[in-house]
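Given next are the chains, with one letter for each unit.
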Amino acid sequence: MSIEVKNIIKTFGTFKALENIDLKIETGELIALLGPSGSGKTTLLRIIAGLETADQGDIIFHGKDVKDAQTKDRNVGFVFQHYALFRHMTVFENIAFGLRVKPKDVRPTEEQIKAKVTELLKLVQLDWVANRYPSQLSGGQRQRIALARALAIEPKVLLLDEPFGSLDAKVRKELRQWLRRFHDDLHITTLFVTHDQEEALEVADRVVVMNKGRIEQVGTPENVYHNPANVFVLNFLGNVNLFHGRTEEGSADATTKKIYVRPHELTVTRQPVSARSIKAKISFINPAGSVVRIDAVASDGQSVQAEISQEEYKSLKLQRNEEICLTPKNIT
Amino acid sequence: MAVHLRSEPVWVRWTLIGMALAFLGLFIFLPLSMVFITGLNKGIAVYFKSINNPDALSAIRLTLITALVAVPLNLIFGVAASWAIAKFDFYGKSFLTTLIDLPLSVSPVISGLIYVLMFGAQGPFGTWLRDHGIKIIFAPPAIILATIFVTFPMVARELIPVMKAQGNDEEEAALTLGASGFQTFWRVTLPNIKWGLLYGVILCNARAMGEFGAVSVVSGHIRGQTNTLPLHIEILYNEYNFTAAFAAASLLAMLALVTLFAKSLVEYRYRAELKAALRLENHG
Amino acid sequence: MRKLILIVLTLFVLGTGAPQVFAAKQKVLLNVSYDPTRELYEEYNKAFIKHWQELSGETLEINQSHGGSGKQARAVIDGLDADIVTLALAYDIDSIVEKSGLLPAAWQQKLPHNSSPYTSTIVLLVRKGNPKNIKDWDDLAKPGINVITPNPKTSGGARWNYLAAWGYALKKWSNDEAKAQDFLRAIFRNVSILDSGARGSTTTFVERGIGDVLISWENEAYLAVNELGKDKFEIIIPSVSILAEPPVAVVERNASRHGTLKAAEEYLNYLYSDEGQEIAAKNYYRPRNEAIAQKYADQFQPISLFTIDELLGGWQKAQKTHFADKGTFDQIYGN
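Residue numbers (the numbering used here), protein chains in the order written: chain A, 342 to 673; chain B, 6 to 289; chain C, 3 to 337.
Just chain A, with the same shape it has in the complex:
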């Protein structure tokens, strides 16, 4: 099901949570709403779910305006950051809830419910916890149960609010990939909110970058990463170095031009390789990881970050407090 968000405005008191939000999501897409806290991404998600009402604007599900429809009639699966599992019910009952509250004439039978819950538990690979209570599960397990519960009502849209926000790094990575595979299998239109750019870029088909109640950019992960629409997007999607440099010698505005270069886009050498090279002193080296991270201080006092491969690091034999030259690779 496609979702269209038209000119949504939402204020809390004097705080403008959302300003004129327009967004179109196609059927089957996996979309990440990415932004810092307070950017309005969760509010937008809650408005789509009907948990919050917009002051203005329309929400259109598959061509139908649902602005005035209640949450329970929107048929959205919602997964909360803190799981919001019913603590007094077993895992089984949690997942069965959405089926049990259906109107009598469409309510499945007890066998159907049982079959469905078992199927969902298998889907989230937790069929052995059916009779436990949420408090007996780990964070990652709880989140998968929350997802299974949301899927039980066969929603046309799946909304996830910081789904991995309260999990530790390792579980987070696993669940992220799992979500991607899961979406590839089921193809439900999915929106998830995150403040973690890595997560957004890794999982989503398209990323919606939000800031201060506005959408800054919408695009594929590749697109937003490599062609950021503005400084905010560039900054938010990864570390970036700011150079007050000359891009092209002799050009009139050369002195005022700012250059943004990501750490991996810098070449590290002992000697200057071009006019664009700057000198810097190494302040910190972190060789633990797939790449080696180098923090340095440029001659004008600016701090700079660079990433080089382990091979380069070994061949250069870099030490702390050494002088190096940094050169942007492909400035156009």
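There could be a bad hint or two in this list.
[As the list claims (entries may be wrong)] As a list, the in silico SDA-like pairs of lysine to any residue whose alpha-carbon atoms are at most 25 Å apart:
no., chain 1, residue 1, chain 2, residue 2
1, C, Lys73, B, Asn46
2, B, Lys98, A, Gly354
3, C, Lys155, B, Glu244
4, B, Lys92, B, Val114
5, B, Lys199, B, Val84
6, B, Lys199, A, Met430
7, B, Lys169, A, Lys497
8, C, Lys234, B, Asn46
9, B, Lys169, A, Tyr474
10, C, Lys101, B, Ile119
11, B, Lys54, C, Ala49
12, B, Lys92, A, Ile350
13, B, Lys92, A, Arg428
14, C, Lys264, B, Tyr242
15, B, Lys92, A, Met430
16, A, Lys445, B, Gln188
17, A, Lys357, B, Arg135
18, B, Lys199, A, His429
19, B, Lys169, A, Phe573
20, B, Lys92, A, Lys497
21, B, Lys92, A, Gly379
22, B, Lys92, A, His429
23, C, Lys73, B, Ser112
24, A, Lys497, B, Ser185
25, A, Lys658, A, Pro613
26, B, Lys54, C, Asn47
27, C, Lys48, B, Tyr242
28, A, Lys443, B, Ile119
29, C, Lys232, B, Asn246
30, B, Lys169, A, Ile350
31, B, Lys92, A, Thr352
32, A, Lys445, B, Arg135
33, C, Lys101, B, Phe34
34, C, Lys284, B, Tyr242
35, C, Lys234, C, Ala283
36, C, Lys234, B, Thr43
[What the hints assert, rightly or not] Have a look at the derived ranges for each label pair, beta carbon to beta carbon:
no., chain 1, residue 1, chain 2, residue 2, range
37, B, Pro196, A, Asp525, 55 to 65 Å
38, C, Gln296, B, Met259, 47 to 57 Å
39, B, Lys169, A, Phe353, 48 to 58 Å
40, B, Ile139, C, Glu44, 28 to 38 Å
Bear in mind the hints are in silico, worked out from the structure with no lab data behind them.
What you are looking at is a predicted structure, and each value in this text was computed from that prediction instead of being measured.
Built from N, CA and C at the ideal position, the CB exists for glycine as well.
Chain A is fixed; fit chains B and C onto it per the hints.
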């Protein structure tokens, strides 16, 4: 993980514990057992005779009816009020919160008098009520109203902290799963607050059955008609009928003991509920 | 949920409506009285129900309400649906007339003896053997005597107590009011506990064992002695005391509305009958009927009595001089 304070010498601890126990014995256990001893000092037959007399039975009946009306009404009100206060923001919320506590800070005499002033013959509705033959003041309705007034905060006060701690998450989850407002309340909210609710109801019931001051003001003390158990006890006592007075009092004392027992039982569960709510709240 | 609401409503209706519905089946009289008459009317009601049954064929139900006289008057004003009031003093019934108009101003002329079918007086109750050797009012003013009496501001009986002592003082110092006031000040300096009602004071003295002497209604004193042991207390009759005339009246507007006017009137008339008088005497109230009084002569020792009219010219005046704000009681007790 209990933390044991080992800084005080043993004798200090035992002196303090001993003092606490002596106080309890002197001020609670001894008087309470006196109630039973005096009630039974003329034998079990006299004891039952003093309870099984028309005035006493009428007092027991009125007390039970009062509690049966006041407690459910308070339950409904308490749940509604705490729901509104804990889960929504609206104008005048802090005013409502203060208002709920009002009956606790008002003297019971005033709680009774307001109904005398309102429904009494000299009050604004007095003439109309008299002309239509409706008795409120000095009749069971006023007793029930006064009881409702004084027990007003009992349920709400217990529920507000529980509901506040639990937040809206589970309710919102239920809504997204297609539950109606009523289903959400019945299947999600209520089970989560049940121990807190029960605790409030027990306190409310104890107060409803034991209230003296406010009820005394609006009762009119008509024997066999408008005396509740506490009022009946006072009358018997004033008639030098000590055995009967203490027999009746022993009923209330037993109620107190049952309440106490139920309270500590529920408290145990309720504390777990509150703690669980707080734990989930603090998670992340 | 709907079911729950329904149950609650049903209970409410039952709880509030039922007594009235059941009561409507038979005629009900409500006698609103003061504290010490509980035993008297309990016995009298039984006799009267029988009498009325014989007279009219109707079965009556009589309800009683007891409390401090002033408080009870206030309750009737506020709507306590009394058919009959039998209070401690005429002033309280006057207040009902004044504040609610439920009965005519001339109510006291409706029945013989100023509408007081029985009288009583104020006596002193001491502990067995009279250890403090209390003989008369004088002894109450002596230092070191612990006196128990209720608060005249709230208790009708307490006002009688106060005026009895006042009357004694006026007689002793030939109407010197300043001396009388000093005398009462001395007595009230000895009062350790000021209960709000006569029954409360009796309980304090008798049950809690506080005080050397209780200033009390005569009937209340007898009741305490007889209920709680002749071996514990003694009644001291002072040289002079006040004639207390507790009045009775039909609250005509209430009774008319209930259709019980006739029964209510007969209820009071019958108090003057031989049976009524005898029940009063048995409960230690002095009967008006000479013959009955004679029969119970050994119970009521002769005592020199003065009336409130002789002493102060009526209750209205007494109330104003002594018990209103800044009256003599406030002057002696307030500071």
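Checked hints:
1. For the given pair, lysine 73 of chain C sits about 34 Å from asparagine 46 of chain B by alpha-carbon distance, which is inconsistent with the 25 Å threshold.
2. Note on lysine 98 of chain B and glycine 354 of chain A: the hinted pairing holds, with a Cα-Cα distance of about 16 Å set against a maximum of 25 Å.
3. For the hint linking lysine 155 of chain C to glutamate 244 of chain B, the alpha-carbon distance of about 23 Å falls within 25 Å, and the restraint holds.
4. Between lysine 92 of chain B and valine 114 of chain B the alpha-carbon distance is near 34 Å, which puts this suggested pair outside the 25 Å criterion.
5. Proposed proximity of lysine 199 of chain B and valine 84 of chain B is supported: the alpha carbons are some 11 Å apart, at most 25 Å.
6. A C-alpha spacing of about 14 Å is found between lysine 199 of chain B and methionine 430 of chain A, which places the hinted pair at or below 25 Å, so the restraint holds.
7. Between lysine 169 of chain B and lysine 497 of chain A, the direct Cα distance comes to roughly 32 Å. Violation of the 25 Å bound is thereby established for this hinted pair.
8. Proximity of lysine 234 of chain C to asparagine 46 of chain B is assessed by CA-CA distance (about 20 Å); at most 25 Å being required, the pair is judged to hold.
9. Of the pairs offered as hints, the one joining lysine 169 of chain B and tyrosine 474 of chain A holds, with about 22 Å between alpha carbons and a cut-off of 25 Å not exceeded.
10. The suggested pairing of lysine 101 of chain C with isoleucine 119 of chain B holds, with an alpha-carbon distance near 19 Å, which does not exceed 25 Å.
11. For the hint linking lysine 54 of chain B to alanine 49 of chain C, the alpha-carbon distance of about 23 Å falls within 25 Å, and the restraint holds.
12. The suggested pairing of lysine 92 of chain B with isoleucine 350 of chain A holds, with an alpha-carbon distance near 24 Å, which does not exceed 25 Å.
13. Of the pairs offered as hints, the one joining lysine 92 of chain B and arginine 428 of chain A holds, with about 18 Å between alpha carbons and a cut-off of 25 Å not exceeded.
14. For the suggested pair lysine 264 of chain C and tyrosine 242 of chain B, the alpha carbons sit about 35 Å apart, so the restraint of at most 25 Å is broken.
15. At most 25 Å may separate the alpha-carbon atoms for a hinted pair to count; lysine 92 of chain B and methionine 430 of chain A meet this at roughly 22 Å.
16. Between the alpha carbons of lysine 445 of chain A and glutamine 188 of chain B the distance comes to roughly 13 Å, so the proposed pair stays at or under 25 Å and holds.
17. Proposed proximity of lysine 357 of chain A and arginine 135 of chain B is contradicted: the alpha carbons are some 59 Å apart, above 25 Å.
18. Between lysine 199 of chain B and histidine 429 of chain A the alpha-carbon distance is near 11 Å, which keeps this suggested pair within the 25 Å criterion.
19. Proposed proximity of lysine 169 of chain B and phenylalanine 573 of chain A is contradicted: the alpha carbons are some 37 Å apart, above 25 Å.
20. Restraint check for lysine 92 of chain B and lysine 497 of chain A: not satisfied, since their Cα atoms lie roughly 29 Å apart, outside the 25 Å limit.
21. With a CA separation close to 22 Å, the supplied pair lysine 92 of chain B and glycine 379 of chain A stays within the 25 Å bound.
22. Pair hint lysine 92 of chain B plus histidine 429 of chain A holds up; C-alpha atoms about 19 Å apart against a cutoff of 25 Å.
23. About 18 Å separates the Cα atoms of lysine 73 of chain C and serine 112 of chain B, which keeps this hinted pair within 25 Å; it holds.
24. Restraint check for lysine 497 of chain A and serine 185 of chain B: satisfied, since their Cα atoms lie roughly 19 Å apart, inside the 25 Å limit.
25. Taking the CA atoms of lysine 658 of chain A and proline 613 of chain A, the gap is about 17 Å. The hint holds against a cut of 25 Å.
26. Taking the CA atoms of lysine 54 of chain B and asparagine 47 of chain C, the gap is near 22 Å; set against the 25 Å cutoff, the hint holds.
27. For the suggested pair lysine 48 of chain C and tyrosine 242 of chain B, the alpha carbons sit about 22 Å apart, so the restraint of at most 25 Å is met.
28. Straight-line distance between C-alpha atoms of lysine 443 of chain A and isoleucine 119 of chain B comes to about 48 Å, which puts the hinted pair past the 25 Å bound.
29. In summary, the hint linking lysine 232 of chain C to asparagine 246 of chain B is supported, as the alpha carbons are separated by about 17 Å, within the 25 Å threshold.
30. For the hint pairing lysine 169 of chain B with isoleucine 350 of chain A, the CA-to-CA distance comes to about 28 Å; that exceeds 25 Å, so the pair is violated.
31. Among the hinted pairs, lysine 92 of chain B with threonine 352 of chain A is consistent with the structure: their alpha-carbon atoms are about 19 Å apart, no more than 25 Å.
32. This hinted pair does not check out: lysine 445 of chain A and arginine 135 of chain B have alpha carbons roughly 51 Å apart, beyond 25 Å.
33. Restraint check for lysine 101 of chain C and phenylalanine 34 of chain B: the C-alpha separation of about 48 Å exceeds 25 Å, so the hint is violated.
34. Taken as a hint, the lysine 284 of chain C and tyrosine 242 of chain B pair is honoured in the structure, with Cα atoms around 22 Å apart against an allowance of 25 Å.
35. The straight-line distance between the Cα atoms of lysine 234 of chain C and alanine 283 of chain C is roughly 23 Å, inside the 25 Å bound, and the hint therefore holds.
36. Taking the CA atoms of lysine 234 of chain C and threonine 43 of chain B, the gap is about 20 Å. The hint holds against a cut of 25 Å.
37. At about 37 Å, the beta-carbon gap between proline 196 of chain B and aspartate 525 of chain A misses the expected band of 55 to 65 Å.
38. The given range of 47 to 57 Å is respected by glutamine 296 of chain C and methionine 259 of chain B, whose C-beta atoms sit roughly 52 Å from each other.
39. Roughly 19 Å separates the CB atoms of lysine 169 of chain B and phenylalanine 353 of chain A, a value that falls outside the hinted 48 to 58 Å.
40. Between isoleucine 139 of chain B and glutamate 44 of chain C the CB atoms are about 30 Å apart, so this pair conforms to the stated range of 28 to 38 Å.
Hints 1, 4, 7, 14, 17, 19, 20, 28, 30, 32, 33, 37 and 39 from the list above are not met by this structure, while the remaining hints are.
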